[in-house]
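Those protein sequences? They're chains A and B, same order as listed. Residue 453 in the numbering used here is what sits at position 453 of the first sequence, and the numbering runs on without skipping anything. Residue 233 in the numbering used here is what sits at position 233 of the second sequence, and the numbering runs on without skipping anything.
Hints may be right or wrong, so weigh each one.
The calculated SDA-like cross-link candidates involving lysine to any residue, where the alpha carbons are at most 25 angstroms apart (straight line), are [claimed, not checked]:
1) A/Lys207 - B/Gly155
2) A/Lys321 - B/Phe54
3) A/Lys411 - B/Ile153
4) A/Lys360 - B/Gly155
Keep in mind the hints are simulated off the structure, nothing from the lab.
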Amino acid sequence: MLKLTRKLAVAGFVLGAAAAPFAAPVQAENVLRYTSVSDASTLDPHALNALVTLMIDIQMYDALVMRDPGMVKIPGLAVSWENLDPNTWEFKLREGVTFHNGNPFNADDVIFSIKRAQADTSQMQGYVNTITEIRKIDDYTVQFVTDKPNPILLDQLVNIFMMDAEWAKEHGVEAPQNFKDSQETYAVRHTNGTGAFKLESREPDVKTVLVRNENWWGNEEYKHNIDKVVWTPITNDATRVAALLSGEVDLVTDPPIQDLNRILGSSNLKVEQTAQMRTIFFGFDVKADELRHSSVKGKNPFKDVKVRQAFYHAIDVEAIKRAIMRGMSVPAGMIIEPPINGYKAEWDENRLPFDPEKAKALLAEAGYPEGFSVQLDCPNNRYQNDEAICQAAVSMLAKIGVEVRLNAQPKTQFFPLITGKTTDFFLLGWGVPTMDSGFAFDYLVHSEASWNAAHYGTPELDAKIEAIRGIVDVEERNRIIEEIWTQVQADIPYLPLHHQMIFWAMSKNLNIPIEPNDMPRFYWASFSN
Amino acid sequence: MQTAKLSKWWAGFYDHDVTWSFLHSPLTMLASLVTLLLVGAAFGAPYLTSYTPFEPGSLSLMDAFLPPAWEAGGSAAHFLGTDGQGRDVLAAIMYGTQISLIVGLFSVLLSVAIGIPLGIIAGYATGSWIDTLIMRVADIQLTIPPILIALMIDGVVRTSMSNELHEEMAIPVLIFSIGIASWPQYARITRSGAMVERRKDYIAAAKLIQTPAWLILLRHIFPNVVGPTLIVATIGVAVAIIIEATLSFLGVGVPPTNPSLGTLIRIGNNFLFSGEWWITFFPAFTLVILVLSVNLIGDWLRDTFNPKLR
């Protein structure tokens, strides 16, 4: 009898377990399962100016100004703004907004967040370096004063997320994490924004779960039907595609380009594409007196522009496009893209031609007829086929006698070499979220710029870069921008390779607008059933 | 005179059980032939192929992704096709097999060099604290899979070395990690042999004339227990090659600048969905054939030298 009862109990348990999957749809939870090659190195919104961090933070934090999928500026936490005089902007804040922990959002949080983004350990200084004063008029009105008239202030504010002053104080994160020294703070793994999603759980490099914020101010306006987002980074390209093909994930924002045809061949999947605002280039340390890893001792071959030109002539960018990028890239002669103010097609379309003989001659002229050896630092999980591009460059440079030792590593180890400026020769990609050349100058060209691992820059260029931050006259400003680019194009501190294109592969029942800045925003997504 | 001696030797060799067994096992003959071919191709690579797949200067992206010669678009110059950087797949496999064999052989040599002495000592000193110590350490290590131990050692070494140094030292480090990870099984086999031998009369006789213990171990016990261990070591080579391939596939083995079969499989894996199957298939096929052949030879050796099966 006892035996029979036990058997029945087991049978009941098995039946119950079997029935469970059928019970689930009653709750009808829309879970967006998302994968990409790498995880965010930190969640602190001001510690690192890197796309993956901004992408995950924008789901949970809001900025004063937002962009719609067409990159047009729309109200975010500020409902309106006005230029009171050339140096003063007034913002009316959205009322009744609360942070995820329930604290109200007000002018004090704005002042706190901007000051935090200006702190020494912040990497977002380039977006807020013109703001000298913030005045609180009342709880929902603030005024920003800039040192000079700043025509791109709104574009810059898109990337500055608003944090809760009380929360930051409570958890000792009033200053941004010092990313360069791998500091660990509360804000690295926890968030408290006003955004559309709340952080439910976070396991770095494994899984991050976001849940819908029912109290988000935008729920009325942007009706999305995503209840939960599960983000599981998958490093291996083939595994990531397999996960999509087998229906384990709904969205991949970085499918390997060689696999697009295979994905399109599946009846449940679709691929969206657009030109990306990101250019891939090599950079040289043009200032060090001696390279860190090189056969040349006592001097730095990259100081000589002829060596940089020789490298330029040695790279066959068309072969890279054909064999590695499968035709899905646009060879570049400039490190910014067409929609950005300051772009010139004439420069972009006229790369130095591929000419190994000329490259050898230039090397000989520079005093290296036998070539030399150097280390190339390269990420292997950041840009499309980054490691393969570097490998191809190794063999192309070998043909002009330059022996390149490739040091390809994951971005968490690679980026500190760039921000710490301790690399001789590197591969980097750069995008311009403000749509203006000034951003590229502030991060890559100014001699004190935080990502200028090339150590490039002269006092004259620095003066011009500082000047354009405050010039409102568009023609005058553009003239100086052109002067700066003319100099950069001639000096080649960066050797442009190509502009990337964006491909998002997803299941057919998922609708999400593709964005040129490669940042999916889940509050614009929806599942059609 | 010379000929007579030779023919006598040949007759002896031909009549020997082992030869007889070998000649009556077509599978073993085939396995040996395949192994010989692979070893020959691996170590003869510089003479057999004009490609130097890991000299960056010799590659051209223009040759990337050529299919095998018999497929449309293939070229006779690259019989098994080329990979994404324009490397000849056949040449890459030959050089890769060489690395795999070197790592496999040397790591087993290391395991044996650690396992046999410890096993003999433990077996001769059965019951003493030395025996307990050695065998408990072996037991503890056996609870952890060899691949995990190799991963751990590689991880520690990697963090303690600069990238540059690690790349140069990758193969010795790999040999060390795999070698360290699999000594216990050799120690166990040797110990059981030594335990049997030490009770035999000739050992008692040696003790009686006051031969020192180390000499007994070296002169008398070692030659009598080494046979079975070496047979197990043959299969060990196959296992070591697999562990090496697994580690390299996971990306912690030999670097892509000097790839083994496992690294080649990992590189090719990225092109499975895009239709360039040959980049990963041929290295994988070679690995399977190599490991299977070595295993077959090992099995045959074990059966032939097992007195119970004669």
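Checked hints:
no., hint, in the structure
1, A/Lys207 - B/Gly155, "holds (23 angstroms)"
2, A/Lys321 - B/Phe54, "holds (22 angstroms)"
3, A/Lys411 - B/Ile153, "holds (24 angstroms)"
4, A/Lys360 - B/Gly155, "violated (41 angstroms)"
Hint 4 alone, counting from the list given before, is not met by this structure.
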